[in-house]
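Peer 1: If you want the building blocks of each chain, they are given just below.
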Amino acid sequence: MNIAGRAHCFGDDINTDYIIASKYKTASLDPRDLTRHLMEDIDPGFGQRVRPGDILVAGKNFGCGSSREGAPLVIKAAGIGVVVAPSFARIFFRNAINIGLPVFICDTSAISTGDDLEFDLEAGTGRNVSTGAPIEAAPLPKVMINIVRDGGLAAHIRKHKTFQVA
Amino acid sequence: MAGKTISEKILSAKSGQDTRAGDIVVASLDLTYSHDGNRPLAMELLTSMGTDRVWDSSKYILFLDHHPSPNAVSAAAHTKLRAFALEQGVRLYEMGDGISHVVLPERGHIAPGDLAIGSDSHSCTGGALAAFTTGVGSTDMAAAMATGQLWMRVPESILVRCHGALPSGVGAKDLVLAIAARIGADGANYAAIEFAGPAIDAMGMDGRFTLTNLAIEMGAKAGLIGTDATTEAWLKGRLQREWTHLTADPDAVYREIVDIDASTLTPRIALPHNVDKVVAIEDLPRTRVHQVVIGTCNAARSSDLAEAARILKGKRIAPGVRLIVTPSSRDTMVETMQSGVLATLVEAGAVIATPGCSGCAGGCHFAVPDVGENVLSTANRNFKGRLGNAESFIYLASPATAAASALTGWITDPRLHQEMIP
Ligand code: SF4
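Protein chains in written order, with my numbering: chain S, 1 to 166; chain U, 167 to 588.
Hint data in this document are derived by calculation from the structure and do not stem from the laboratory.
Fair warning: there could be bad hints in the mix.
As the list claims (entries may be wrong) - Mimicking SDA-like on lysine to any residue, the simulated pairs with C-alpha atoms at most 20 angstroms apart in a straight line are: (1) S:Lys60 x S:Ser87; (2) S:Lys159 x U:Thr313; (3) S:Lys161 x U:Ile190; (4) U:Lys550 x S:Pro44; (5) S:Lys76 x U:Glu210; (6) S:Lys159 x U:Val192; (7) U:Lys550 x S:Ile42; (8) U:Lys481 x U:Asp579; (9) S:Lys161 x U:Val192; (10) S:Lys161 x U:Asp218; (11) U:Lys550 x S:His37; (12) U:Lys550 x U:Gly350; (13) S:Lys76 x S:Asp150; (14) S:Lys142 x U:Arg319; (15) U:Lys550 x U:Pro535; (16) S:Lys142 x U:Asp189.
Input sequences plus hints: build the corresponding full structure.
Peer 2: Dropping the structure here:
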């Protein structure tokens, strides 16, 4: 699975309330209606600027806070191909994989907004096309790779009736 | 072979294999629960798992706690959840019954050694009963509802040893904010935190729940406290099941040990907009408060409200300050009504909100502050916009500090009201 796109960089500890403010939780049930509010409280206008295929790059602990799946769902609905960060909060990380939003754990300190990036998710490798620097990912547990391969957790459970950890 | 942490013991028992930190297991769940706050609702995803029945209707519980003042969208969700509960024969706690993390232990749904998940990040709260309880998203929850199982990486554990005794006027909330400052917002990511030591031994269950509730704000998967006589006394009359004491082995292996001296602590304040941005109250510049909230699943249990009432008794909050008190559950409300605590708070100027999440998150449509206002809250989260207005500022503190600050209109050290603290 190859993904290429333009980087939008954010800082450390971006929580789920920043991704999509909790006041919108009941504003609509369709994540597509909420994409214009993406990151609204920390980067007003981002939701309008973001283009399908863009790549969200962040600092450590991305997605901390709530367990709400609205956070990865709205990112996915905005057309963002992959979220890249040196570490993710664990609930967000599981949720993203479960709903089919690719995530990539790697050092992001040398990536700037506007850089063109490309990733091979299965191989766990990538490249900053703008600077030429290679990017290497931390490996995912096997069970997560199996979930991604099956197309998300629902498809995985329908197929196996349980979790395939090996 | 080295001993085991509480997490390793529970996940070994629930996966049926001898597991250690780092292992990936599929474990059987004793309890699963969801609330009305998140979209999609877990129940809406159940059929996508290839079934339309919860695997065991006695092991799934629903809560209408997040939207105690529903708008049309959340009212529709409530209707769906009520219908689902009826159709599946699962228990549903109604609006006003209280916050899931408070009600579950209180009503005897969690026993030491249990493995439980909730579709809410503060599901780690139940760990104060030595149960492994953790938060997941709706899709993981739907898979759990279908299978009764969850895959999990057995976490490494961080042992937080709390030495000495908490000084008077300094409580569990101050201690856990000090711990959060030490560990940081992601310092315990993927790990479990075990709280132990003399300051924990001396602490009542309400304070212990305040500690484990905040584990997620350090990134932790679980916050755990071994059982003792205090646990046993508290569970008496609540838990209708057999249970056995559970603590970590003395030679258990920890990723990290954090030592903290409780006896030298002073009240702590978390500054906007990060829970780990903590200062000692004596280092805080004079800070005006417009709204005080004593509520949420962190610190609004009976003893928290009683502590606030001791400071506010016979007094009146400062002009220009709103004091919002949300008992965390119906039981808390009844208890504090009967003891006179609630009357004291109302006489002092408090508004009493519906037991539940009122006053915690913007989605509750309650206690939304104005632009530029400062809120002092006993909550667990002070993220920008958390209360529905990104141009306001949320400070976190203990119930005692909240009460003292409501009296003056400034963030105030509760030790100045020492005579009211036993
Ligand atoms: S009180 Fe606040 S933190 Fe606790 S469950 Fe409700 S919304 Fe979440």
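Peer 1: Decide, hint by hint, whether the structure agrees.
Peer 2: Verification of the supplied hints:
no.	hint	verdict
1	S:Lys60 x S:Ser87	holds, 5 angstroms
2	S:Lys159 x U:Thr313	holds, 13 angstroms
3	S:Lys161 x U:Ile190	holds, 18 angstroms
4	U:Lys550 x S:Pro44	holds, 13 angstroms
5	S:Lys76 x U:Glu210	holds, 19 angstroms
6	S:Lys159 x U:Val192	holds, 16 angstroms
7	U:Lys550 x S:Ile42	holds, 8 angstroms
8	U:Lys481 x U:Asp579	holds, 17 angstroms
9	S:Lys161 x U:Val192	holds, 12 angstroms
10	S:Lys161 x U:Asp218	holds, 13 angstroms
11	U:Lys550 x S:His37	holds, 14 angstroms
12	U:Lys550 x U:Gly350	holds, 18 angstroms
13	S:Lys76 x S:Asp150	holds, 18 angstroms
14	S:Lys142 x U:Arg319	holds, 11 angstroms
15	U:Lys550 x U:Pro535	holds, 12 angstroms
16	S:Lys142 x U:Asp189	holds, 12 angstroms
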